[in-house]
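Asker: Each chain, letter by letter, is given below.
Protein chains: 2
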Amino acid sequence: MGNDRSFIKRAIEIAGNGINEGGGPFGALITIDDKIIAEASNSVVLSRDPTAHAEIIAIRNASKILRTHDLSDCVIYTSCEPCPMCLGAIYWSGIKKVVYASDRFDAAAAGFSDKLIYDEMVRNPDERKITFLHIPDAGGKKVFKQWIDYENRISY
Amino acid sequence: MGNDRSFIKRAIEIAGNGINEGGGPFGALITIDDKIIAEASNSVVLSRDPTAHAEIIAIRNASKILRTHDLSDCVIYTSCEPCPMCLGAIYWSGIKKVVYASDRFDAAAAGFSDKLIYDEMVRNPDERKITFLHIPDAGGKKVFKQWIDYENRISY
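Taken in order, these protein sequences are the chains called A and B. Residue numbers 24 to 179, in our numbering, belong to the letters of the first sequence in order. Residue numbers 24 to 179, in our numbering, belong to the letters of the second sequence in order.
Some hints could be false.
One copy or two, it doesn't matter: identical chains are merged, so the pair holds either way.
As the list claims (entries may be wrong) - In silico EDC-like links for lysine to aspartate or glutamate, alpha-carbon gap of 16 Å or less:
1) Lys87 <-> Asp129
2) Lys87 <-> Glu62
3) Lys120 <-> Glu150
4) Lys168 <-> Asp129
5) Lys32 <-> Asp160
These are calculated hints, taken from the structure and not from any lab test.
This is chain A alone, in the form it adopts within the complex:
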């Protein structure tokens, strides 16, 4: 917990610095063996990229440094509970531990949609605010068959 508290304070510091640089109020860092390998702040507006959340950038940078998409030996520290996009990225990366300071309710109070998106996730696609059109007979399943039959497949 000593290191956890020190790293989460650093993630919060990154978030604060990010605001001064024109970014959103979020910061994250990734450690391996209690050493920081990547730090990032939110740069959605600065980089004109809706996916440029602190956690996503930190995960992409850590993957570059470790030369693998598998971050299962890493811990992520983030100034705020990850939104569904970032939480999904954390699962795909294999990260096993998430330490966070603020939560989705704090983010909502500051005007961010994290909680709204969490609420949308659990709805059936046809009950969401966004229009979802499912075309199941367009041949989508054939690519999964092609994948399963593919000899050089690398599962991930």
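Let chain A serve as the given structure and place chain B on it in line with the hints.
Answerer: For chain B alone, kept in the frame of chain A given last:
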């Protein structure tokens, strides 16, 4: 529906081509005014990036082309129902319509974790397979206050 069917078939074709190039079996494209502006296939293994799903790459490329994080005039076509990471990215991008062919159950049958991650989303952080440690007294809320007080704030 005529254009929707034509674009979804193209997304499936991109997915199939992606397999042959060493990627995962997923493809996506983004249109504006019924014109394709970005196409992408999954390249998690190829680019060693756990966030490199077809939809994420397509969103990042469309944002670059339109020079904005706001894709609210766009439609996304994807060979498979977006996973939680990609669905989150779609909400953040402002995209209002999603057309998809296969769904999370088809993806699960082909060995992908989409459904597992959807199931994890709805759990409280302390009930998930990943360890979540909340440190609410580390000072996280102060960056939201700093954000709200920041004169040059650009909300997104």
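Asker: Take the hints in turn and mark each one as holding or not.
Answerer: Hint check:
no.	hint	result
1	Lys87 <-> Asp129	neither (31 Å within a copy, 30 Å between copies)
2	Lys87 <-> Glu62	within (13 Å within a copy, 23 Å between copies)
3	Lys120 <-> Glu150	between (32 Å within a copy, 13 Å between copies)
4	Lys168 <-> Asp129	between (44 Å within a copy, 10 Å between copies)
5	Lys32 <-> Asp160	between (51 Å within a copy, 10 Å between copies)
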